[in-house]
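Enquirer: Protein chains in written order, with my numbering: chain C, 1 to 253; chain X, 1 to 381.
No wet-lab data here; the hints were simulated from the structure. Please note: incorrect hints may appear among the correct ones.
Chain X stretches covered by chain C per the calculated footprint, using a threshold of three residues with CB under 8 Å from any CB of chain C [to be verified]: (1) 12 to 26; (2) 345 to 357.
Below, simulated EDC-like cross-link-like pairs (lysine to aspartate or glutamate); rule was C-alpha separation at most 16 Å, straight line [to be verified]: (3) X:Lys284 to X:Asp332; (4) C:Lys190 to X:Glu8; (5) C:Lys190 to X:Asp55; (6) C:Lys190 to X:Glu329; (7) X:Lys20 to C:Glu231; (8) C:Lys144 to C:Glu157; (9) C:Lys196 to X:Asp55; (10) X:Lys284 to X:Glu346; (11) C:Lys145 to C:Glu157; (12) C:Lys196 to X:Glu5; (13) C:Lys198 to X:Glu5; (14) C:Lys145 to C:Glu183; (15) C:Lys190 to X:Glu46; (16) C:Lys190 to X:Asp332; (17) X:Lys20 to X:Glu5; (18) C:Lys242 to C:Glu228; (19) X:Lys20 to C:Asp36.
Values in this document were obtained by computation on a predicted structure and should not be read as measured data. Where is the CB? At the ideal position from N, CA and C, for every residue including glycine.
So you can see what is in the structure, the chains are spelled out below.
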Amino acid sequence: MRIAVCVKQIPDPATPYELDPDSHYVVRPNDQVLDDTDRYGVEVALQLAEATEGSVTLVSMSPSGNLQGIRQALAMGADKAVIVDDESLRGSDSLTTAKVLAGAIQREGFDLVIAGTESTDGYTGVVPQQVAELLDVPSLSFAKKVELAEDGAVRIERQTAAGYDVVQSAVPVLVTVTSGVVEPRYPTFKGIMQAKSKPVDTLGCGDVGVSPTTTQTIQAVEPVPAREAGEIVEDDGEGYAKIVAMLEQVKVI
Amino acid sequence: MPFTEEHEHFRRVVREFVDKEINPHVDAWEAAGMMPLHDIFRSMAELGMLGLEYDPEYGGQGADHLFTVVLAEEFGRADHGALGMALGVQVDMATPSLHQFGTPELKAEYLTPAMRGDMVAAIAVTEPDAGSDVAAIRTRAERDGDEWVINGSKMYITNAVQADWLCLLARTSDEPGYGGMSQIVVPTDAPGFEVSQKLEKLGMHASDTGLLTFTDCRVPLTNTIGHEGAGFQQQMAQFVVERMWANYSQVTGMERALRRTADYLRQRVVFGKPLLKNHYVQYKLAELAAEVDLLKHYNYACAEAYMAGQDTTRFATIAKIKAGRLGREVADWCLQFHGGIGYMEETWTTRYFRDTRLVSIGGGSDETMLQVLARLDGYFA
């Protein structure tokens, strides 16, 4: 089974993000890390590839930097990576991103595409479905479990508010996985050392057949207003009544 | 320090491993006075964290020394000192001589399983009447046919209860002083071996430290590590890497302790303002952090010299004195700045205070280090 996993390199969430003063885009440092939520998708892909003697290709769109984030996923065991790094893609909206990813996936060939439900830095949460549409394959979303059915189809447990639905599709198909679908493996020492010698193809927009058009600009960025001081309710035995009155006043009960 | 992307990647993995697989269990292990070393070492071995610098033929990874630096540093950040110490014994205290001087057969039988996490190793040098004065050890191994017959006892032995084999230093001839000692691998299922007592300690509670006795304990002569009679010299070399491990791990422990203290003092309001607003507190923490930084870079100089094949005895000795003393100072100030809550068992400062105290004693006391240094630098008559 040929599996493509959408992954993203992001600035380390443990460090403060910096915005470019002119474009207001996040400044992408040379050192970026693998979006933590992507590790679940990579793990699912590795398990399915191991079960089917398949291959795992990472697909990403971002400034390459030193590829540190991509190598984190390669160290886990992915076979290769394709990264689309093109200056004209700076500030792309989700549809452009999806076109680029779909182009790269199509170029590689695939039976299954795996993605997280949303990225940790962008949070649009719509790119995987756009990719599925562009690839003209079904999308099975919010998988908390992924397995192969007897006939080679992909079967998932789709997380719902009440529990889960079992959903199945023949390949080719796209699946989005939630955090917690599996426990991602730690890269081994050997995996870390081998990651640098695994193939990483760096492509431009032309290679994936996309002509970027800027559809969004950020006009201004304002800091989140500071929270106002809360009101302390002294409990003289009737404190609960005061809280109920306050909640009624703001119309939440 | 020329840490590469691979070193930093390895650091992230070890840090996450410590956070997720070690720290959540520390309180239980401390209460039990024991850690499941076989399980821990096996899972670490699967990730290639054991035997970093050893020959892959014997379960090693063939890595450079900086990976050991990273491993020690990240285990130094753990919520207690006991596992870092037990790990240090496994990878850098009980096994270097075997790796360097052991026969292929001996390495295959003991080193390979230790690096796969199937066996736990311990280093047995100290005796009830011979601690830092290693030349005074009295445990003897006498030849009998093709076996050693060992009699004596070893004290304060880390991993004692769980160990599957020991790297034992024993007298094997009547030559006095430094001569006439040999290193011998003693499997703990050998007849005549006994863990006489599991010892209660001030700190390092999760570590199984013990008193070992050997009563006509028989092991094959082929269990001798390296040259018969060269045990003292081999052990001295093994002590150097042991001290380097301790020095690397202490630095990160101190860095973390100072950060945690600053975090607490930032939100602890006394007389209407956070304690960290006091210049006295700020300057003390900054000064301690600066000293820790000096030690860190001294350690890195030591690591570089080691990688260049130089004798690092002096580096390791100086850093060990500093790590022990500075660790005591840092632990004491962190506890002090926490005030009453810092003295409570529920606060991390108490365990850190207890665990850190060992560094000035174990692996060669401060006084022994100074004796070594005085000799090395010519300050003796």
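Enquirer: List, from low to high, the hint numbers that the structure doesn't satisfy.
Expert: 2, 6, 7, 9, 10, 16, 17, 18
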